[in-house]
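Asker: The primary structure of each chain is shown beneath.
2 protein chains.
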Amino acid sequence: MRFNEIIKNLPVYEAGKPIELVAKDFKINPKKIIKLASNENPFGSSPLAIKAIKKAAKRANLYPDDSYHELKNALAKKFELKSENFIIGSGSDEVIEFALGAVCNDKLGILTAGVSFGMYGVYASHIGAPHFKTKSQKHDLAELLELYEKHKNSIGVVILCLPNNPLGECENASEIENFIAKIDKNTLIMLDCAYMEFASFKDSKKAINPKKLVRNFENVLYLGTFSKAYGLGGMRVGYGIANDEIIKSLHKLRPPFNISTPSLACAIAALNDENFIIKTLKNNLQEMKKYENFANKKGIEFIPSYTNFITFKLSHKHDSTKLCDILLSRGIILRNLKSYDLNAVRITIGTKAQNKKVLKELDGLFS
Amino acid sequence: MRFNEIIKNLPVYEAGKPIELVAKDFKINPKKIIKLASNENPFGSSPLAIKAIKKAAKRANLYPDDSYHELKNALAKKFELKSENFIIGSGSDEVIEFALGAVCNDKLGILTAGVSFGMYGVYASHIGAPHFKTKSQKHDLAELLELYEKHKNSIGVVILCLPNNPLGECENASEIENFIAKIDKNTLIMLDCAYMEFASFKDSKKAINPKKLVRNFENVLYLGTFSKAYGLGGMRVGYGIANDEIIKSLHKLRPPFNISTPSLACAIAALNDENFIIKTLKNNLQEMKKYENFANKKGIEFIPSYTNFITFKLSHKHDSTKLCDILLSRGIILRNLKSYDLNAVRITIGTKAQNKKVLKELDGLFS
Chain A
1 MRFNEIIKNL
11 PVYEAGKPIE
21 LVAKDFKINP
31 KKIIKLASNE
41 NPFGSSPLAI
51 KAIKKAAKRA
61 NLYPDDSYHE
71 LKNALAKKFE
81 LKSENFIIGS
91 GSDEVIEFAL
101 GAVCNDKLGI
111 LTAGVSFGMY
121 GVYASHIGAP
131 HFKTKSQKHD
141 LAELLELYEK
151 HKNSIGVVIL
161 CLPNNPLGEC
171 ENASEIENFI
181 AKIDKNTLIM
191 LDCAYMEFAS
201 FKDSKKAINP
211 KKLVRNFENV
221 LYLGTFSKAY
231 GLGGMRVGYG
241 IANDEIIKSL
251 HKLRPPFNIS
261 TPSLACAIAA
271 LNDENFIIKT
281 LKNNLQEMKK
291 YENFANKKGI
301 EFIPSYTNFI
311 TFKLSHKHDS
321 TKLCDILLSR
331 GIILRNLKSY
341 DLNAVRITIG
351 TKAQNKKVLK
361 ELDGLFS
Chain B
1 MRFNEIIKNL
11 PVYEAGKPIE
21 LVAKDFKINP
31 KKIIKLASNE
41 NPFGSSPLAI
51 KAIKKAAKRA
61 NLYPDDSYHE
71 LKNALAKKFE
81 LKSENFIIGS
91 GSDEVIEFAL
101 GAVCNDKLGI
111 LTAGVSFGMY
121 GVYASHIGAP
131 HFKTKSQKHD
141 LAELLELYEK
151 HKNSIGVVIL
161 CLPNNPLGEC
171 ENASEIENFI
181 AKIDKNTLIM
191 LDCAYMEFAS
201 FKDSKKAINP
211 KKLVRNFENV
221 LYLGTFSKAY
231 GLGGMRVGYG
241 IANDEIIKSL
251 HKLRPPFNIS
261 TPSLACAIAA
271 LNDENFIIKT
281 LKNNLQEMKK
291 YENFANKKGI
301 EFIPSYTNFI
311 TFKLSHKHDS
321 TKLCDILLSR
331 GIILRNLKSY
341 DLNAVRITIG
351 TKAQNKKVLK
361 ELDGLFS
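From first to last, the protein sequence lines are chains A and B. Heads up: the first sequence begins at 1 in my numbering, then just goes up one per residue. Heads up: the second sequence begins at 1 in my numbering, then just goes up one per residue.
Do not take every clue at face value.
Identical chains share a label here; the pair holds if one copy fits it or two copies do between them.
Here are the simulated lysine to aspartate or glutamate pairs, DMTMM-like style, with alpha carbons at most 25 angstroms apart [claimed, not checked]:
# : residue 1 : residue 2
1 : K135      : E175
2 : K289      : E80
3 : K8        : E84
4 : K107      : E301
Hints in this document: simulated from the structure, not taken from any laboratory.
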């Protein structure tokens with residue numbers, strides 16, 4: 001078989017271990033397993049969204065309305081823009097794929113912070129596009145700009161993760177605007193704001209305003225998702241916001257029916273449940289403090305987080321893989337960041353009860 | 001903005017008109033609209049699948065188990081293969097994208113019948129890959145082979161649509177095997193069997209056996225879907241079957257969580273409802289005859305169909321666009337094949353009641 005050279009060099013997919021197998025291996029009741037590894041909403045989803053999924057189940061045979069006009073109109077209303085400013089993806093992940101596919105090639109790559117969402121690099125590698133990273137792990141805008149100036153002929157997309165997964169930091173919106181103004185107009189600037197709801201709730205200075213950015217900058221693409229604050233990670237719905245021209249180009253790569261009929265229905269419903277979002281954001285802030293207090297007490301390094309997770313950077317006394325393995329055997333799944341070359345653990349902020357159990361186990365391991 | 005040259009030349013996306021807007025425009029009760037345009041299952045979905053979606057709704061916040069091991073195991077059991085022989089896509093469409101992405105480039109393209117599923121050409125165009133087509137509209141295996149021999153250095157994937165959408169014809173499995181044996185081992189042969197359940201029920205000579213093909217040929221990829229006979233078009237689940245090496249390569253391009261949590265659950269459930277499939281297939285054959293009788297009575301040319309649709313090729317006396325427009329104004333949506341350069345209409349076989357109404361309207365238009 002002839003495969004493209006790029007394919008040959010990509011890593012082979014290793015399936016993660018399903019929860020029920022973890023449960024079986026360690027003889028744990030699967031219902032008692034606490035998974036705080038994927039930044040899913042610990043409160044589930046909005047009851048309105050769940051109701052919409054159940055109602056849509058009887059239309060499972062029917063393709064979704066591929067114009068997605070109702071969802072786009074609802075988003076346009078929320079963000080005070082036109083429906084032509086939106087594209088819907090199977091998670092914001094798919095919008096990243098569209099953007100890199102539309103702009104990048106083997107000579108034109110991406111620029112990101114030293115440690116940021118792993119899929120940027122993966123999608124770039126699918127195209128054979130170069131990936132420039134800062135030496136700083138966190139977003140250092142000055143260093144990003146310096147690297148951009150140095151390699152601008154090889155950079156098609158600058159990607160800022162605001163706030164940053166998996167580290168948690170977030171630049172101020174005003175700083176981001178200043179940064180954008182310094183980037184050439186022919187370079188796409190993608191602001192991945194998957195966790196923005198958490199950041200702007202904690203500190204309004206972090207709040208990116210897509211309307212303002214899209215109107216002022218012709219080269220900005222804002223990404224949002226229903227997977228995090230909206231509690232619909234399993235439904236695979238995200239969106240991109242940009243000027244009409246960018247959206248038109250991205251649409252050229254969108255496969256028809258890229259989200260499911262219940263996904264379309266529940267995303268529309270979720271936008272109408274402000275209470276669920278507020279409950280989610282309040283719990284997140286309150287419970288985050290417990291992890292911060294714990295880390296301070298134990299002398300664990302952590303980055304103040306503007307997301308729904310907290311990342312503990314471990315000292316040489318602890319190994320993140322060992323730590324995660326021990327916790328796994330006790331039915332607690334956290335995200336080991338070894339794959340990011342970090343001796344660190346990312347913990348999704350859970351419910352009060354979940355966090356209590358996790359902190360109790362951690363207390364024993366950091367004594 | 002710098003976009004890739006390929007993107008600039010792709011057509012701009014035009015959203016289809018949602019049913020409720022059709023209803024509004026023509027002042028028709030949307031519930032009375034009959035849509036037989038997208039080959040959806042007129043009986044809906046298996047009750048087991050609908051139940052699974054409803055049950056999964058409360059897990060909408062949770063990403064699906066990305067190994068898809070339960071679904072793959074169920075498919076492996078059904079097809080008497082190993083789970084390593086399967087890849088799951090967001091519809092079989094996404095598996096087509098993986099395959100073309102893994103093999104094609106601007107020098108290595110696809111070979112298809114003159115008229116076949118439109119997305120083959122679209123996905124090839126995303127990569128800038130050449131698209132070779134036979135002059136014959138239907139699958140002419142001799143002509144396909146001739147064209148293959150002539151351009152084999154520029155053909156990475158040979159795609160056979162079995163049975164063929166949008167025409168409906170289907171080659172015998174034995175002829176397909178003979179054809180495959182004549183294609184070089186380094187060329188991928190993709191058998192898009194989205195409608196195979198209908199073909200093999202009508203005539204067992206059409207039944208492609210993925211187990212046999214995958215074991216005998218290292219370069220065959222079989223595509224199946226839950227969208228048609230299984231009645232889950234809105235859930236976006238399809239699959240590819242091939243030897244481990246091909247599957248490994250395709251997996252390299254699969255984004256994580258490419259299907260939704262309810263989609264995973266309902267596909268597994270649907271495999272357990274043989275009764276629903278039988279009911280679907282029996283109705284399809286019985287009702288198809290009514291369209292064939294109608295066409296014979298009216299002197300309308302049609303291709304004997306091995307799918308869940310029938311395609312009427314119109315004479316110069318009728319124009320498919322006008323015909324579809326008139327029917328639309330009466331609340332009946334059929335598929336105009338003008339975009340395939342055909343003066344033809346594709347009609348999904350509906351329920352007894354739906355077909356009765358459609359045939360009554362057609363009777364007036366062909367009198």
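Asker: Decide, hint by hint, whether the structure agrees.
Answerer: For each hint, the structure was consulted:
1. K135 <-> E175: within (20 angstroms within a copy, 59 angstroms between copies)
2. K289 <-> E80: neither (34 angstroms within a copy, 53 angstroms between copies)
3. K8 <-> E84: For K8 and E84, only the inter-copy Cα distance (18 angstroms) is at most 25 angstroms; the intra-copy one is 38 angstroms.
4. K107 <-> E301: neither (39 angstroms within a copy, 52 angstroms between copies)
Violated hints, listed in ascending order, are 2 and 4; each of the other numbered hints is respected by the structure.
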